[in-house]
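2 protein chains.
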Amino acid sequence: MKATVHVMLKQAVLDPQGEAVKTALGALGFEGVEAVRQGKVIELDLAETDAEAARAAVTAMCEKLLANTVIESFRVEVA
Amino acid sequence: MKATVHVMLKQAVLDPQGEAVKTALGALGFEGVEAVRQGKVIELDLAETDAEAARAAVTAMCEKLLANTVIESFRVEVA
Numbered sequence: 000m001k002a003t004v005h006v007m008l009k010q011a012v013l014d015p016q017g018e019a020v021k022t023a024l025g026a027l028g029f030e031g032v033e034a035v036r037q038g039k040v041i042e043l044d045l046a047e048t049d050a051e052a053a054r055a056a057v058t059a060m061c062e063k064l065l066a067n068t069v070i071e072s073f074r075v076e077v078a
Numbered sequence: 000m001k002a003t004v005h006v007m008l009k010q011a012v013l014d015p016q017g018e019a020v021k022t023a024l025g026a027l028g029f030e031g032v033e034a035v036r037q038g039k040v041i042e043l044d045l046a047e048t049d050a051e052a053a054r055a056a057v058t059a060m061c062e063k064l065l066a067n068t069v070i071e072s073f074r075v076e077v078a
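Residue numbers (numbering that gives the first Met the number 0), protein chains in the order written: chain A, 0 to 78; chain B, 0 to 78.
Please note: incorrect hints may appear among the correct ones.
No distinction is drawn between identical chains; accordingly, a pair holds when it is met within one copy or between any pair of copies.
Straight line, CA to CA, 30 Å or less: simulated DSSO-like cross-link-like pairs of lysine-lysine [unchecked claim]:
| no. | residue 1 | residue 2 |
| --- | --- | --- |
| 1 | Lys63 | Lys9 |
| 2 | Lys39 | Lys63 |
| 3 | Lys21 | Lys39 |
| 4 | Lys21 | Lys9 |
| 5 | Lys39 | Lys1 |
The set of hints was computed from the structure by calculation and includes no laboratory data.
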């Protein structure tokens, strides 16, 4: 089954990449962009067929590898 | 209003970052991970209040800056 993980910097953490995108959009003439935050999305194809087991496995993957939980938050979707 | 953009490498394009994540997950003992693809997620806060206008603006931003449409596909969600 497929799982999608969103990893974003926590709100309190400065996001220079997002700031750079915001500045670049302004320079290109796009107005009214008030804030930009950039994160990662990771799509996984899993052999696991049970949704709850898949969610638990992906959560463990996030905590061990995919996200730095000190500065990043993550969200797991299983479909 | 808020917009979320997902930018992923097209299926035909090799994703070495995703492959590296897959290999690392295997090395950490996570089994049954068949494929991994990694992309970007960009969250924008817009001054625009009309959903259709916001979607059009964000699509233009993707085509001009946020995605490289030669090798990447993007998806816009407005909420």
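Alpha-carbon proximity between Lys39 and Lys1, which holds within one copy, between copies, both or neither at 30 Å: Both. Shortest intra-copy (17 Å) and inter-copy (18 Å) distances satisfy the 30 Å Cα cut-off.
query: When no copy is specified for Lys39 and Lys63, does a C-alpha distance of 30 Å or less occur within a copy, between copies, both, or neither?
result: both (16 Å within a copy, 20 Å between copies)
- prompt: Which holds for Lys63 with Lys9 at a C-alpha limit of 30 Å: within a copy, between copies, both or neither?
  reply: both (17 Å within a copy, 27 Å between copies)
field: Copy assignment of Lys21 with Lys39, given that the CA separation must stay at most 30 Å
entry: Classified as both; 17 Å inside a copy, 15 Å across copies.
Up to 30 Å CA-CA - Lys9 versus Lys21, copy category: both (18 Å within a copy, 25 Å between copies)
When each numbered hint is compared with the structure, no violation occurs for any of them.
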